[in-house]
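J.: My request is simple: use the sequences and hints to build the entire structure.
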Amino acid sequence: MSADRGLNELTAHELSELLGAREVSAQEVLAAVCQRVDEVEDEIHAYVLQTRDVAEAQAKDIDERRARGEDLPPLAGVPLALKDIYCTKSIETTCCSKILKGFVPPYDADVIERCRRNGLVFVGKTNMDEFAMGSSTENSAFGVTRNPWDLDRVPGGSSGGSAASVAGSEAVVGMGTDTGGSIRQPASFCGVVGLKPTYGRVSRYGVIAFASSLDQVGPITKDVRDCALMMNVLAGHDPRDSTSIDAPRPDYTKALGLDLKGLRIGLVKEFMEYQGRGIDAEVAAAIGAALERFCELGAECDEVSLPHLDYSIPVYYIIAPAEASSNLARYDGVQYGHRTPDDDGDIIEMYSRTRDEGFGAEVKRRIMLGTYALSAGYYDAYYLKASQVRTLIRQDFDRAFERFDVLVGATSPTVAFRLGEKTDDPLAMYLSDVCTIPVNMGGLPGMSIPCGFSADGLPIGLQLVGKALGEETLLRSAHAFEQSTDYHRRQARPISAGDGRRSAVARG
Amino acid sequence: MRLTPEEVEHVALLARLRLTDEERERLTTQLNSILEHFEQLQQIDTSGVPPMSHAVPMSNVLREDEPAPSLSPEEALRNAPDEARDCFRVPRVIE
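Just so you know, the sequences run in chain order A and B. Each residue of the first sequence is one higher than the one before, counting from 1 in our numbering. Each residue of the second sequence is one higher than the one before, counting from 1001 in our numbering.
Hints listed in this document are in silico derivations from the structure and should not be mistaken for laboratory results. Keep in mind that a hint or two might mislead.
Stated by the list, open to error - Below are the DMTMM-like pairs computed for lysine to aspartate or glutamate, each with C-alpha atoms no more than 20 Å apart in a straight line:
1. A:Lys364 / B:Glu1023
2. A:Lys98 / B:Glu1074
3. A:Lys467 / A:Glu349
4. A:Lys101 / B:Glu1009
As the list claims (entries may be wrong) - Label pairs and their calculated CB-CB ranges:
5. B:Glu1006 / A:Asp425: 50 to 58 Å
6. A:Arg330 / B:Val1061: 16 to 24 Å
7. B:Arg1089 / A:Gly69: 29 to 37 Å
8. A:Gly143 / B:Ile1094: 38 to 46 Å
9. B:Pro1091 / A:Arg489: 54 to 62 Å
10. B:Arg1089 / A:Asp53: 31 to 39 Å
11. B:Asp1065 / A:Arg489: 49 to 57 Å
12. B:Met1058 / A:Tyr107: 30 to 38 Å
13. B:Arg1085 / A:Glu23: 52 to 60 Å
14. B:Ser1033 / A:Glu64: 55 to 63 Å
15. A:Ala57 / B:Glu1006: 52 to 60 Å
16. B:Glu1007 / A:Pro307: 47 to 55 Å
17. A:Gln335 / B:Val1061: 23 to 31 Å
18. B:Ile1094 / A:Lys101: 28 to 36 Å
C-beta: ideal position from N, C-alpha, C; glycine also.
T.: In structure tokens:
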């Protein structure tokens, strides 16, 4: 463990060893994280709510239990950043929407219960696109988050705050949700590791719904071992989520350290071009180099085409808004959240004004799109058609997995784009999810790991996709790749003064 | 298919959204450009293809109907914008 790194810059597995050996205390680790937050949060704005009192009590409890000789779980005492989408008992949860401002959940999400049981320390709730609808975190009702690698650029989205907090060492591990790429794309933009598990692997109980057939919770971490450790915390059956898969949870760390001999890896043509238009050249070069690295590591590599992936964007932007328009009908000013002060004594007027005042532009756009796609006369042309093409996309994946164990390609067609670059053009923003969306359509596990940097020093992400419940194969592949590179060791170091608001890349 | 501002207004009513004139104009333009992009789906032959609503092949997950503790009225109402006598209060819905 290098002495020149602060405690907040270590990985969770490094901290786990130090904490277990009682070389450092959870309170010391938390103090280092909080100091970092105080230094850089004005610049990055990863958090919408810091829960320092909660964190201090949790860290103190861990230290006391360890002092009493209790045998604690591996991540006990590790500071965690939570996307503001999980219900956290007695801690405000807004989904970064004005309509939920002030909402204090009376219960914990399943994943929050699991984190508490495992002794993770809650640093705060992180910024996100409102109701997870967006690819840049610019749709938050509570301000933008800046990318720690370049403060003029977005961190990606919708889990941009969690990715920025981990990349900026304002937390040691983070959690996001992924409906069309919202874990993997920000992980890619921020140079960290993100995993969207198989649909049903992690409970959605208490996670504020966007598109229920696609939403999935997953970790955002500094390296692959931390990702495996977090999966050990998050995965497992939950009877309160009827789509939760009742399968035993493996020890995901057992997948690490294995070689790749004989592993069949397919480079997906449609992850490298969309409807004939190639992705960014620097990204393509980094993915090509990654594939060569996999070959050197003993994998058998080839290319494969999944033709229906070219239709993923329209399919997703029909299905997800359709589900969202239904899910978001609950925000009506009756049971919780914002209610207009100005209802004229009429309930329809109350609903409409409440929702007009509470929802931001992108959320309204998607509710409109979804309501239209489901409305009388258009259902067959849009929703039914999209659901059929979704079947074709899944069948393309099934066929590819007869030949391959893992599919790879770019996580995003570009590196992090500039703040404001796409905010006026919804379709351009939607197209930035082109490589990640198909994986949600199929309900498959997908992962993004750092695989290089652009000439400007911005991180590039490699996406790996596995069979249903194939997380171990993803972690095995990702770990072997990571251990043969040093991309995950580079740290973004935001600095505040001068320098064109740019960050410096320190050590490699 | 081209959406007119009148249709957008109708969809807004279905969705219980109140749009300003400016929002309605902007949404009409934006939704049309998005829907135009979606037209390409019509090129795909999906005859005989079953629709997929879910990635996990499971249905009708049942459990025993056993009483269990739930939120107290106080906890359930704590976030209510308006309440009275252990109920959520809303504008009058019945004349």
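J.: Look at each hint and say if it fits the structure.
T.: Hint-by-hint comparison with the structure:
At most 20 Å may separate the alpha-carbon atoms for a hinted pair to count; Lys364 of chain A and Glu1023 of chain B meet this at roughly 10 Å. Pair hint Lys98 of chain A plus Glu1074 of chain B does not hold up; C-alpha atoms about 24 Å apart against a cutoff of 20 Å. Of the pairs offered as hints, the one joining Lys467 of chain A and Glu349 of chain A is violated, with about 48 Å between alpha carbons and a cut-off of 20 Å exceeded. Among the hinted pairs, Lys101 of chain A with Glu1009 of chain B is inconsistent with the structure: their alpha-carbon atoms are about 27 Å apart, more than 20 Å.
Look at Glu1006 of chain B against Asp425 of chain A: about 25 Å separates their beta carbons, and that is not inside 50 to 58 Å. Hint check: Arg330 of chain A to Val1061 of chain B, Cβ distance near 22 Å, so the stated range 16 to 24 Å holds. In this structure, Arg1089 of chain B and Gly69 of chain A break the distance hint of 29 to 37 Å, their C-beta atoms being roughly 53 Å apart. Against the hinted window of 38 to 46 Å, the Cβ-Cβ separation of Gly143 of chain A and Ile1094 of chain B comes to about 43 Å, which satisfies the hint.
Between Pro1091 of chain B and Arg489 of chain A the beta carbons are some 59 Å apart, a value that agrees with the proposed interval 54 to 62 Å. About 33 Å separates the C-beta atoms of Arg1089 of chain B and Asp53 of chain A, a value consistent with the hinted range of 31 to 39 Å. Between Asp1065 of chain B and Arg489 of chain A the beta carbon distance is about 54 Å. The supplied range of 49 to 57 Å therefore holds. Between Met1058 of chain B and Tyr107 of chain A, the C-beta spacing of about 25 Å breaks the proposed range 30 to 38 Å.
Checked against the hint of 52 to 60 Å, the pair Arg1085 of chain B and Glu23 of chain A passes, with Cβ atoms roughly 58 Å apart. The beta-carbon spacing between Ser1033 of chain B and Glu64 of chain A, approximately 59 Å, falls within the hinted interval of 55 to 63 Å. Against the hinted window of 52 to 60 Å, the Cβ-Cβ separation of Ala57 of chain A and Glu1006 of chain B comes to about 57 Å, which satisfies the hint. Between Glu1007 of chain B and Pro307 of chain A the Cβ separation comes to about 33 Å, which falls outside the hinted range of 47 to 55 Å.
With their beta carbons about 25 Å apart, Gln335 of chain A and Val1061 of chain B fall inside the hinted range of 23 to 31 Å. The given range of 28 to 36 Å is respected by Ile1094 of chain B and Lys101 of chain A, whose C-beta atoms sit roughly 31 Å from each other.
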